[in-house]
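Asks: Residues per chain, in single letters:
There are 2 protein chains.
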Amino acid sequence: MPRHVDHDERREEIVLGVIAVMAEQGFAAVSLRSVAQAAGVSMGRVQHYFSSKVELIQNACKLFIQRATAQHVESGNLPRQERLEALLTMGIPGSADERIGTAVWYEFVTAGTKDDTIADLVAAAWRDRHDNIVALLDIDDDRRSLTAAEMAKLLAATSDGLAIAAMLGRISGEDARSLVAKQINALEAETA
Amino acid sequence: MPRHVDHDERREEIVLGVIAVMAEQGFAAVSLRSVAQAAGVSMGRVQHYFSSKVELIQNACKLFIQRATAQHVESGNLPRQERLEALLTMGIPGSADERIGTAVWYEFVTAGTKDDTIADLVAAAWRDRHDNIVALLDIDDDRRSLTAAEMAKLLAATSDGLAIAAMLGRISGEDARSLVAKQINALEAETA
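From first to last, the protein sequence lines stand for chains A and B. Residues in the first sequence are numbered from 1 upward in steps of one, following the numbering used here. Residues in the second sequence are numbered from 1 upward in steps of one, following the numbering used here.
Keep in mind the hints are simulated off the structure, nothing from the lab. One thing to keep in mind: the hints can contain errors.
The list treats identical chains as one, so a pair stands whether inside a single copy or across any two.
What the hints assert, rightly or not - Under the rule of at most 25 Å between Cα atoms (straight-line distance), these lysine to any residue pairs were calculated in the SDA-like manner:
#	residue 1	residue 2
1	Lys53	Ala86
2	Lys62	Gln37
3	Lys114	Ala135
4	Lys114	Ile100
5	Lys62	Ile100
6	Lys114	Gly169
7	Lys114	Ala124
8	Lys62	Arg10
Kindly generate the complete structure, drawing on both the sequences and the hints.
Replies: In structure tokens, the structure reads:
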């Protein structure tokens with residue numbers, strides 16, 4: 001029986017290697033050699049699927065965003081406010097492992113300032129998050145000083161600021177999550 | 001008449017060179033040579049005042065924070081809410097020049113993850129900002145769902161998130177500043 005090769009799986013294995021290198025050694029350490037080593041495959045196989053370091057990083061960014069999107073989709077059964085909280089606390093690290101995830105995300109954000117493909121991926125992810133927040137807000141624009149779009153921008157910015165603070169150990173993940181919930185309450189309760 | 005040498009001035013001239021290199025070429029480009037060139041002085045003079053790259057960057061971080069603190073002190077005559085707004089929008093870039101300032105600040109923040117002196121400087125700056133925000137808030141804890149400390153943490157996080165969004169061109173500086181003002185109003189207006 002001929003050996004069946006799942007190319008998508010092999011690609012993903014390599015792309016996870018890129019994320020592992022970024023997490024453990026930072027963005028600058030991503031190379032054919034380091035990625036092959038992290039993924040446990042040969043350098044030849046990495047080259048077979050990806051032609052450059054930039055392509056490796058672009059695909060890592062894509063996978064990272066796909067997983068975050070999947071996480072949001074999976075939360076579909078939760079009540080509205082819990083789902084909004086889940087979305088806004090997704091980037092806030094609660095453990096050392098998650099801290100690394102947040103750091104990797106900001107490496108993509110930084111890489112976006114130098115690579116248009118990554119910038120587009122990051123921008124699309126942010127737009128999706130914005131639209132998802134707006135859809136999950138329970139507000140009546142008429143009687144308020146903030147529109148849903150403004151509130152979504154504030155909540156997203158607060159979530160980003162808290163994620164960075166937690167990543168840097170300035171605040172615990174628990175406190176950051178609790179502040180997100182309080183801000184949602186405060187903003188939704190406020191009337192003009 | 002003997003030539004008077006102002007050592008503080010000479011040191012500051014070099015330290016401004018460090019910030020210029022960080023702004024123009026990024027953190028990794030800071031070297032004896034690049035700093036001497038940016039400051040318009042000899043490499044010998046840089047070495048006379050600073051013994052290492054790390055020391056150069058630590059001093060650049062210190063100067064950066066001193067200037068931000070001075071800016072807050074200068075706003076002392078403004079009405080309370082304007083002063084709070086000024087403090088919370090200080091890091092939000094409104095121009096390309098200011099975008100570079102924000103980027104330099106985040107280079108210090110990142111450097112702090114690898115250098116304890118820089119981490120301490122950044123942490124002290126953040127503590128000062130927190131205390132200044134609390135002092136400028138006009139709230140009565142008794143009738144509210146958020147304490148002054150919680151509100152200060154939320155406002156600081158939002159300010160950071162908006163500064164990064166503006167730095168990356170996701171939002172205009174003007175919109176970011178207006179959102180800060182709206183958040184202050186919404187949070188101060190909210191009652192439990």
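Asks: Hint by hint, work out which the structure violates, then give me just those numbers in ascending order.
Replies: 1 and 3
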